[in-house]
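Protein chains: 2
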Amino acid sequence: MAAPCVVGVDMGGTKLLAGAVDENLNVHHRALRSMTGLDRDAILDAAVDAVEEVRESMEGAVSAAGFGIPCTIDRQRGIAVQAVNLPLLDVAFGDVMAERLGLPAFVDNDANAAALAEHRFGAARGGRHTVMLTVGTGIGGGLVLDDRLYHGSQGAAAELGHVVVEMDGPPCQGNCPNRGCLEAVASGVALAREGQAAAVRFPDSALGRAAASGRAVTGALVTELAHDGCEVARDTIALIGRRLGVGIASYVNTFDPDFVVLGGGVLGAGELLLAPAREEMVRRALPPARDTVRVVAARFGGEAGMVGAAVLALDGVA
Amino acid sequence: MAAPCVVGVDMGGTKLLAGAVDENLNVHHRALRSMTGLDRDAILDAAVDAVEEVRESMEGAVSAAGFGIPCTIDRQRGIAVQAVNLPLLDVAFGDVMAERLGLPAFVDNDANAAALAEHRFGAARGGRHTVMLTVGTGIGGGLVLDDRLYHGSQGAAAELGHVVVEMDGPPCQGNCPNRGCLEAVASGVALAREGQAAAVRFPDSALGRAAASGRAVTGALVTELAHDGCEVARDTIALIGRRLGVGIASYVNTFDPDFVVLGGGVLGAGELLLAPAREEMVRRALPPARDTVRVVAARFGGEAGMVGAAVLALDGVA
Numbered sequence: 431m432a433a434p435c436v437v438g439v440d441m442g443g444t445k446l447l448a449g450a451v452d453e454n455l456n457v458h459h460r461a462l463r464s465m466t467g468l469d470r471d472a473i474l475d476a477a478v479d480a481v482e483e484v485r486e487s488m489e490g491a492v493s494a495a496g497f498g499i500p501c502t503i504d505r506q507r508g509i510a511v512q513a514v515n516l517p518l519l520d521v522a523f524g525d526v527m528a529e530r531l532g533l534p535a536f537v538d539n540d541a542n543a544a545a546l547a548e549h550r551f552g553a554a555r556g557g558r559h560t561v562m563l564t565v566g567t568g569i570g571g572g573l574v575l576d577d578r579l580y581h582g583s584q585g586a587a588a589e590l591g592h593v594v595v596e597m598d599g600p601p602c603q604g605n606c607p608n609r610g611c612l613e614a615v616a617s618g619v620a621l622a623r624e625g626q627a628a629a630v631r632f633p634d635s636a637l638g639r640a641a642a643s644g645r646a647v648t649g650a651l652v653t654e655l656a657h658d659g660c661e662v663a664r665d666t667i668a669l670i671g672r673r674l675g676v677g678i679a680s681y682v683n684t685f686d687p688d689f690v691v692l693g694g695g696v697l698g699a700g701e702l703l704l705a706p707a708r709e710e711m712v713r714r715a716l717p718p719a720r721d722t723v724r725v726v727a728a729r730f731g732g733e734a735g736m737v738g739a740a741v742l743a744l745d746g747v748a
Numbered sequence: 431m432a433a434p435c436v437v438g439v440d441m442g443g444t445k446l447l448a449g450a451v452d453e454n455l456n457v458h459h460r461a462l463r464s465m466t467g468l469d470r471d472a473i474l475d476a477a478v479d480a481v482e483e484v485r486e487s488m489e490g491a492v493s494a495a496g497f498g499i500p501c502t503i504d505r506q507r508g509i510a511v512q513a514v515n516l517p518l519l520d521v522a523f524g525d526v527m528a529e530r531l532g533l534p535a536f537v538d539n540d541a542n543a544a545a546l547a548e549h550r551f552g553a554a555r556g557g558r559h560t561v562m563l564t565v566g567t568g569i570g571g572g573l574v575l576d577d578r579l580y581h582g583s584q585g586a587a588a589e590l591g592h593v594v595v596e597m598d599g600p601p602c603q604g605n606c607p608n609r610g611c612l613e614a615v616a617s618g619v620a621l622a623r624e625g626q627a628a629a630v631r632f633p634d635s636a637l638g639r640a641a642a643s644g645r646a647v648t649g650a651l652v653t654e655l656a657h658d659g660c661e662v663a664r665d666t667i668a669l670i671g672r673r674l675g676v677g678i679a680s681y682v683n684t685f686d687p688d689f690v691v692l693g694g695g696v697l698g699a700g701e702l703l704l705a706p707a708r709e710e711m712v713r714r715a716l717p718p719a720r721d722t723v724r725v726v727a728a729r730f731g732g733e734a735g736m737v738g739a740a741v742l743a744l745d746g747v748a
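Chains A and B, in that order, are what the protein sequence lines are. For what it's worth, my numbering labels the leading residue of the first sequence as 431, then goes sequentially. For what it's worth, my numbering labels the leading residue of the second sequence as 431, then goes sequentially.
Certain hints may be false.
Facing chain A, from chain B, some residues (calculated, C-beta under 8 Å) [claimed, not checked]: (1) T444; (2) T502; (3) Q506; (4) G508; (5) S583; (6) H592; (7) V595; (8) D686; (9) P687; (10) D688; (11) R714; (12) L716; (13) V726; (14) G746; (15) V747; (16) A748.
Hints are computed from structural coordinates only; laboratory data are not their basis. Quantities reported herein were computed from a predicted structural model and do not represent experimental measurements. We put the beta carbon where it would ideally sit given N, CA and C, even for glycine.
With the rest of the complex left out, here is chain A:
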């Protein structure tokens, strides 16, 4: 018989990651699904299917499921009232999952779930105030203030990707009506866009040659070539890092946090992204907060959302 587990599910804009997680936060089995282009019903089916796969791998020893979804959740009604990167508007996600799975189901915003995991068990352990950014297709945010997840008046906090860093900047993505949001200039989508532009400007670089050979210039490709030493790819990642640093300076001045934790797929770039982000923050933020805050990579990396969703479920059945 397997160890008693919960299932944590992180539902991103492009992919879903589910995992069986025990109370020591060991991950026993993972299931991945693509989300790209799916409609609402297909998304719900994919979530059920992934949980069932994990559950079967654990021989059924699963007591609850937790979900991190890239939505604003009205916590009174349990309904997604805002969904930038997945079509889950007006879905009572937790109720639907509980019914279809026959399991207790707990839901929060994906970045909130990630923030909780990092604050309690991850890169921000030991602090009291954590600002979490998940940098992927979009940029999600989560706040743990005075050791508690901050939800705001209706559960819409904390959309940290939608703070303005360039008031006349480019339009934001998804259904955000704003311009010059951090998400508009420093997300994975922005990294791909800047990478495409750099490939055109520098055709002789490894990035330029990859693009010319027909490879799609994605954030993942820019990251891969940066790790391989391509200076143009590295500069592109540094540009995104500095922009993130502008936003981080604002958070540091606002929250005087112990930790700013960065997770999400774009953090595959590691220090190539984090070092310029830290430098820009230090150049801009006010003492004393800028001198004491630690800007770190998520311990759970791309799995912070999934592990955080599991923590929601563990808390829920505790």
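Mind docking chain B on chain A? Use the hints.
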């Protein structure tokens, strides 16, 4: 014998306002001092002098003094560790005042004090989460989250005037190393600067004529002429209002607050400033927060900091 009171003192970048405040928040006597150009010792003398004036007017029936100062206060050591608009760095302000006045003295950041007053007794009464901006010489910020003043890790929260809204924008003021902060583009100083530019561009406007006649184009003059109907002055205030609205959109997305309260001298412009700020916020922020948040003027107006400082003292001796 007068009613038992505390003295609240709001120490701004250009002026100090002290008041005798009773437990019903009635203000019995006010004392005003100019702060412009004063050095540290002169500032401390002015604070003591103003409190003594108020105290004498109350025939001594004063149990404590509270101070809102435009500084970051290390709450463990009681020392101002950051002071953008007044030279109070490294001053143990509370201890100094308690000793010189022979009264219990309580200190917090001026915008924190204002936030507390508005949240408990003012324009944000009934909400759970309040974002407060004090728009004067600089822009201060205060956060009441889950009904408690939020101080951050070292007491440096919440410098809401120092969030970036224009990453390549103009250098910020005082000793802030940043560029394009909200304070750099939407404070009273920015209003005066935009007013001066508008006076040059539109010499036939009331504003232009006032400038040509030798009047100093200050924020107060622009506000006065705007109230008198000068379109150029009104447009200038609307410009500052829209910029404030950009910052407010970021706060709304971040905090999903019940209220955003604006106080400080620049709010003398009233709806001429607030209406464009609200419009810009609604254009930019995400639902559902943008649809439920209320962006309002401080009830205590230019006295929010003073009343808030009194609340610190009332809480302190309660």
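(message) Please check whether P687(B) passes as an interface residue: C-beta within 8 Å of a C-beta belonging to chain A.
(response) holds (6 Å)
(message) Take the shortest C-beta to C-beta distance between A748(B) and chain A; is it under 8 Å?
(response) Where the cut-off is 8 Å and the nearest Cβ of chain A is about 22 Å from A748(B), the hint is violated.
(message) Hint T444(B) vs chain A: min CB-CB distance below 8 Å?
(response) This hint is violated: T444(B) lies away from chain A, its Cβ roughly 21 Å from the closest one there, beyond 8 Å.
(request) Under 8 Å, Cβ to Cβ, is where Q506(B) needs to be relative to chain A, so tell me if that hint holds or is violated. (result) violated (11 Å)
(request) Double-check T502(B) for me: the hint is only fine if its C-beta lies closer than 8 Å to a C-beta in chain A. (result) holds (7 Å)
(request) Verify the interface restraint on R714(B): the C-beta must sit less than 8 Å from at least one C-beta of chain A. (result) R714(B) check passes; min Cβ-Cβ to chain A is 4 Å, inside 8 Å.
(request) Go through the hint on G746(B) and say holds or violated, using the shortest Cβ distance to chain A against 8 Å. (result) violated (21 Å)
(request) Go through the hint on V747(B) and say holds or violated, using the shortest Cβ distance to chain A against 8 Å. (result) Not OK, violated: V747(B) not within 8 Å of chain A, min 25 Å.
(request) Please verify that hint: D688(B), Cβ, nearest Cβ of chain A, below 8 Å or not. (result) Nearest chain A Cβ about 5 Å off; hint holds.
(message) Hint V726(B) vs chain A: min CB-CB distance below 8 Å?
(response) Violated, because the Cβ-Cβ distance from V726(B) to chain A comes to roughly 15 Å (cut-off 8 Å).
(request) Could you check if G508(B) really has its C-beta closer than 8 Å to a C-beta on chain A? (result) violated (14 Å)
(request) Would you settle whether the hint for H592(B) is holds or violated, based on the nearest Cβ-Cβ distance to chain A being less than 8 Å? (result) holds (4 Å)
Checked against the numbered hints listed earlier, the structure breaks hints 1, 3, 4, 13, 14, 15, 16; every other hint is satisfied.
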